[in-house]
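**Q** So the chains spell out like this:
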Amino acid sequence: MSKSKQFKTIFKAFAIESLRNKLEVFFTIFFPLIFLVIFGALYGGNTFDDTPDMRIGVYLTEYSAELESALKENLPYYVNVYDDLDSMNKAVKDGDITAGVAISEKKISILYVEGDMQKNSEMSMMGNIVENVVEKSVNNFTDVIEVTEIPEGIDGKVASDFDYLLSGIISISMLSAGMFSVINLFGRYKKTGVLSRISVTPINPSTFLLSSTLVRLLMSYISVFIVILVSFVMFNAQLEFQWILFIIVVLTSTIAMMGYGILLLLIFKKPESAETAGSILMTFMMFISGIFFPENMLPEAMKIVAYFFPLKYTGLLIRYTTGMADISLGTFILINVIFAVGGIGLVALTSKKFLSTT
Amino acid sequence: MSECVLKVTDLKKRYGEVRAVDGISFEVKKGDVLAILGPNGAGKSTTVEMIEGLRKKDSGEIEYFGEKPVHITKEVKERMGVQLQKSAFLDNLTVKETLEFFGGLYKKALKSSELIDMMSLGEKQKSKVKNLSGGQLQRLAVAVSIVNDPDIVFLDEPTTGLDPQARRMLWEKIENLKVQGKTVIITTHYMEEAEVLADEIIIFDHGKIIARGTLQELLDSVSKGKYVEFSLDKVDGIPEELKKIEGFKEIEKNRYSLPTEDVEKTLSIIFNISHKENFYIENITIRKMNLEDVFLVLTGRSLRD
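Residue numbers (our numbering), protein chains in the order written: chain C, 1 to 358; chain E, 1001 to 1305.
Worth flagging that the hints you see were computed from the coordinates, not collected in a lab.
Note that beta-carbon positions come from the ideal geometry of N, C-alpha and C, so glycine has one too.
Please note: incorrect hints may appear among the correct ones.
Sample of chain C residues with no beta-carbon within 10 angstroms of chain E, all distances over it, derived [said to hold, decoys possible]: (1) K107; (2) L210; (3) F241.
Below, computed lysine-lysine pairings styled on DSS-like, alpha-carbon distance capped at 25 angstroms [to be verified]: (4) C:K190 to E:K1096; (5) C:K22 to E:K1126; (6) C:K8 to E:K1108; (7) E:K1096 to C:K22; (8) C:K353 to C:K12; (9) E:K1126 to C:K12; (10) C:K3 to E:K1108; (11) E:K1056 to C:K353; (12) C:K5 to E:K1128; (13) C:K270 to C:K353; (14) E:K1096 to C:K3; (15) C:K191 to E:K1128; (16) C:K190 to E:K1128; (17) E:K1096 to E:K1108; (18) E:K1243 to E:K1265; (19) E:K1074 to C:K12; (20) E:K1030 to E:K1107; (21) C:K22 to E:K1130; (22) E:K1130 to C:K12; (23) E:K1108 to C:K12; (24) C:K269 to E:K1086; (25) E:K1086 to C:K353; (26) E:K1029 to E:K1108; (27) C:K8 to E:K1107; (28) C:K12 to E:K1111; (29) C:K8 to E:K1126; (30) E:K1074 to C:K353.
Just chain E, with the same shape it has in the complex (with noise of 0.2 angstroms):
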């Protein structure tokens, strides 16, 4: 059984009238990557910044390595590796100086040149931050929250506002954390990125958690089959027989889909309404389901709501 590196129980947060987090129980292993998964304003950030220390909890207990102290304490944060949501830091500072400055902060420290080589950031070293493209400083980010070689890692959603070229370079380095063995903790709104990374997922909302799995796990509580999409050759009116079938569901415009366990079944019976309504179907797409879908079925809302 491996060593529980973090445990949170009942951990509660107010805003006014507003439970921005509201009893969240989880723990981590060590060398797991959890994903937290939700909307805006779940409660994700919240979370983990009430465990980095940045928030004041008005209830509830967070274990760390073992060890319930009533503050976070420096010997935890000597453990313990942080990317924020925001990333920022001295603009004027080169990317080499400015880890050479987290680095000064802590017992122990990687080598700027070995963050540089596994961060990619090798031609910009001499940079000042203030010059870097969003998806650079998102690496410098991550580099700062490896720079005291911690033993859990917590990425703030670090892919927020990259393009897709970064978002997947950006990924390869995480990986590179749970290879070398890190715990390693990412609040996201992408389910992509949840799915990629994760070991294990939790999903937010309204600052509860709604579910809790390994991916193949949350599919399955939901459904186990997968979804029919497709379009209409006419646009006036949808035949009355099709919306009448369980989980018809208009995505976009003329765009449809079905959820299904057996696939020759419903694709079958649409083709006999399409027959005998006369008009034809097109762009029929077949696809397994995501998380996106979990969250559309657990809350009635898209992850992007």
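Here chain C stands alone, though its shape is the one from the complex (with noise of 0.2 angstroms):
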């Protein structure tokens, strides 16, 4: 029996059953775009420039025209400039504008409608950047520093928000894809007797397990290329990726996560035990791992927390090859060789454990 064809037959028979499978192709597929969508909504295309994203009202209860005119050009937002006091906060409250200034001889009052912290935080630094104007301006002084704001990434990058946000994405969907996949094959196929029915036929363990994971693999790179298509289409996505350096990634990254996934089955015997435990540690990692704000952001406690799940080093390799990450190659390929190590070496000693007699 030539391994070839037993492998093209177990490739094809796992394939069909993966992609019919509408939770496998939920977690592998849309979850990562659900992620994709939310998140582009809120920061698709928010790059670091200077165009003003508030319109603001200005009412002068003593009118200057060098004022005004101070106030429209250094002010970092669109202005519209009223003559009374009513329709300014009128437009206020029918959202015309974010936020009324009005402005007498020794008194800026802001009006805007009560909203989250954020913008309670926006308002205050609007006060200060206002002041700042109008003080300058009443006094006649000229800026004689000027201070310009030039974002640097690694390699002459600036990476957005939302770029920053789809490498974590590229990293959950890995995630998906090798942890539950794995639990999948190896913890309910084993329940169900699945794997029993497959190894009493001449197969070769190794041609199953290459086969089987090859699907799984082939799932994750769908998934990652997905998800980067709607990104660059739908949110003009500004990432650069290197690509043979990516997809190298992408596959020792899924080969990690599988073997993340075989762990846990080994931990929790039971697939449902196990999916239950992987679906709260992938929430948990997705917060401590840097994949959706800095982890600069997060307490001592929990960064150290984050150095044992393979998240964080799954996203830092992504921006690595997106030239968001400042890692040395030395680093870059050590990782890589861990999680491929690793991986492989725990599916291939679980599946013989699987598929071996009792």
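Take the two lone chains and join them into the complex the hints point to.
**A** Next comes the structure, spelled out in structure tokens:
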């Protein structure tokens, strides 16, 4: 019996099974897409540029053409000037402008509809900026030093908030495709007896392992590339991938996540328990591994905990391949090797255990 | 003399303190249908799973097609068909795809269309496995077990959980295997299944073989007689004289049974007692002994206990 025929047979059957399994397709492909759409809607195309994104109203109790001109030129917002306070207030209430600023001789009042904490802080910052501009204009100050912000990424690339998130979503996609699929393959199929049924055929365990996990890898690649495609088409992602390194990272990271799934199966025995533990761990990892926000926002203790979870390293590798993380090539190679060796070792050992006699 | 395709010698398997299989020995000749009969937990499935290579034996020898490998080999698996007690396949594959999948794992495979016709699964060939009924799933399991055109087929409780109609339909399919000259080993706890299908029957209990032979040999080993079964018109108190007859047994509420080698004589005794004690005999049935009775006599328990 040629191994290649067995390989093709298993690959085809498991590919069909995976693509027709709604739960697996959801967790592998749609689950990361849901994250992408949610965060893409929030941060899509948000780069560090000078384009004003807030419209405010200004009412001057004592009209000054110079002050009006200074405000329009210097405030980092779109500015509408109102002739009377009531019409500005109405514009705030109607949502035509985010805030109204009433400027009298010695008082600046800001009117806005109360919202969340972020809005309160934005209003406070705006008050300071307006005060600064008014004082300079009234006192006839000119800028002596000009401060220019030039965000500088690794290799000169500037990543937007969305680009940062995209690398996180790709990491989650691999975690989901690797971890849950292996729990399904070795846990559920063992429990239902599918593996026993297959093991009474003259199948070579290594052929089975290779072909069935290759299907999972393929699903992972499909998922990752759909996420990237949607990001570029719908959300104007700016990431520049070093594709060869990226493909290697998807491979090793998915294998590592498979190993992680196996580890959960070994600990929890029952596939349902391993799946629940996987879901909880995935949520936990997403928040401590610098996936959705930079790690430096985390408390010190959480940063240490993150070192024990593979998602942190996956995120790091993905960012390296897109020029967003500054790690050495040696570190990049080392993490990939550990991922590949650890993942393959765990999957191989365990598949032997699951396919062997009792 | 037919070729011996399987020979098991002093096979043992323990789970902790429990001797699941305790020194089993038997052999099967080419073309024979052997039924392994016994109650749940008797060690039937463990024995068969050790032969199939699914479980490790603690000790003993298994000879396949005249050879004694240390572990079951791929060559043996190529010649062996297996239907496990729990029929599990990839849920989202269709019947046809499932047969093609398993066929693809063997050197030699029958056409899926041929197997579909053989097992009357034509209408369901495009249905996903998860949408099949219990009977259809069992027929698929039997089809998969012969996908490689094996020399020996193991069917582990193939009709458990099926309704009588589905069971009889599957029996027909298994009888066809017999006609094709396949060696078939069926484990079952249904005595009718063993009676209908098997050339030879082995009865297991507590991990040991307690009887072996053809159906007739097993029946003769216990008694050459029949059973007279009857009810009484009064349910309060069974006459003492009846109770004293050897083998008298209450098989269910107001239903009694007496083993006999002379039906006329036994009936005459019963009617005499009824006349004397002033009650009537109702619903008299005379039936032959069956495997259930053999098991009962050998173990003192019913097969379904």
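**Q** Against this structure, judge whether each hint is valid.
**A** Outcome of the hint check:
With a cut of 10 angstroms on Cβ distances, K107 of chain C stays outside the contact zone with chain E, its closest approach being about 71 angstroms. Non-interface call for L210 of chain C relative to chain E: holds, since the shortest CB-CB distance, roughly 14 angstroms, exceeds 10 angstroms. Every CB of chain E is more than 10 angstroms from the CB of F241 of chain C (nearest about 33 angstroms), matching its label as outside the interface. Distance hint between K190 of chain C and K1096 of chain E is fulfilled; the C-alpha atoms sit about 23 angstroms from each other, no more than 25 angstroms.
Pair hint K22 of chain C plus K1126 of chain E holds up; C-alpha atoms about 19 angstroms apart against a cutoff of 25 angstroms. Between K8 of chain C and K1108 of chain E the alpha-carbon distance is near 16 angstroms, which keeps this suggested pair within the 25 angstroms criterion. Simply put, K1096 of chain E and K22 of chain C have alpha-carbon atoms about 21 angstroms apart, close enough for the 25 angstroms limit, and the pair holds. A C-alpha spacing of about 24 angstroms is found between K353 of chain C and K12 of chain C, which places the hinted pair at or below 25 angstroms, so the restraint holds.
The straight-line distance between the Cα atoms of K1126 of chain E and K12 of chain C is roughly 17 angstroms, inside the 25 angstroms bound, and the hint therefore holds. Taken as a hint, the K3 of chain C and K1108 of chain E pair is honoured in the structure, with Cα atoms around 14 angstroms apart against an allowance of 25 angstroms. At roughly 13 angstroms between alpha-carbon atoms, K1056 of chain E and K353 of chain C fall within 25 angstroms of each other, so this suggested pair holds. Distance hint between K5 of chain C and K1128 of chain E is fulfilled; the C-alpha atoms sit about 24 angstroms from each other, no more than 25 angstroms.
A threshold of 25 angstroms between alpha carbons decides the hint, and for K270 of chain C with K353 of chain C the separation of about 15 angstroms falls inside it, so the pair holds. A threshold of 25 angstroms between alpha carbons decides the hint, and for K1096 of chain E with K3 of chain C the separation of about 22 angstroms falls inside it, so the pair holds. Distance hint between K191 of chain C and K1128 of chain E is fulfilled; the C-alpha atoms sit about 20 angstroms from each other, no more than 25 angstroms. Proximity of K190 of chain C to K1128 of chain E is assessed by CA-CA distance (about 20 angstroms); at most 25 angstroms being required, the pair is judged to hold.
With a C-alpha separation of about 17 angstroms, the suggested pair K1096 of chain E and K1108 of chain E falls inside the 25 angstroms cut-off, and the hint holds. Of the supplied pair hints, the one linking K1243 of chain E and K1265 of chain E holds, its CA atoms being roughly 17 angstroms apart against a limit of 25 angstroms. Between K1074 of chain E and K12 of chain C the CA atoms are separated by roughly 22 angstroms; this keeps the pair inside 25 angstroms, and the hint holds. This hinted pair checks out: K1030 of chain E and K1107 of chain E have alpha carbons roughly 22 angstroms apart, not beyond 25 angstroms.
A distance of roughly 13 angstroms separates the Cα atoms of K22 of chain C and K1130 of chain E; the hinted pair therefore holds under the 25 angstroms criterion. Distance check on the hinted pair: K1130 of chain E and K12 of chain C sit about 18 angstroms apart at the alpha-carbon level, within 25 angstroms; holds. A distance of roughly 19 angstroms separates the Cα atoms of K1108 of chain E and K12 of chain C; the hinted pair therefore holds under the 25 angstroms criterion. Our distance criterion of 25 angstroms between C-alpha atoms is met by K269 of chain C and K1086 of chain E, whose separation comes to about 20 angstroms.
For the proposed pair K1086 of chain E and K353 of chain C, the alpha carbon gap of about 20 angstroms is at most 25 angstroms, so the pair holds. For a cut-off of 25 angstroms, the pair hint linking K1029 of chain E to K1108 of chain E stands: about 23 angstroms separates their Cα positions. Under the criterion of a C-alpha separation no larger than 25 angstroms, the hint pairing K8 of chain C with K1107 of chain E is consistent with the structure, at around 14 angstroms. Restraint check for K12 of chain C and K1111 of chain E: satisfied, since their Cα atoms lie roughly 18 angstroms apart, inside the 25 angstroms limit.
Annotation: proposed proximity of K8 of chain C to K1126 of chain E holds, straight-line Cα distance about 21 angstroms (limit 25 angstroms). Using a Cα cut-off of 25 angstroms, the hinted pair K1074 of chain E and K353 of chain C holds, with the two alpha carbons roughly 18 angstroms apart.
Consistency note: the structure conflicts with none of the earlier hints.
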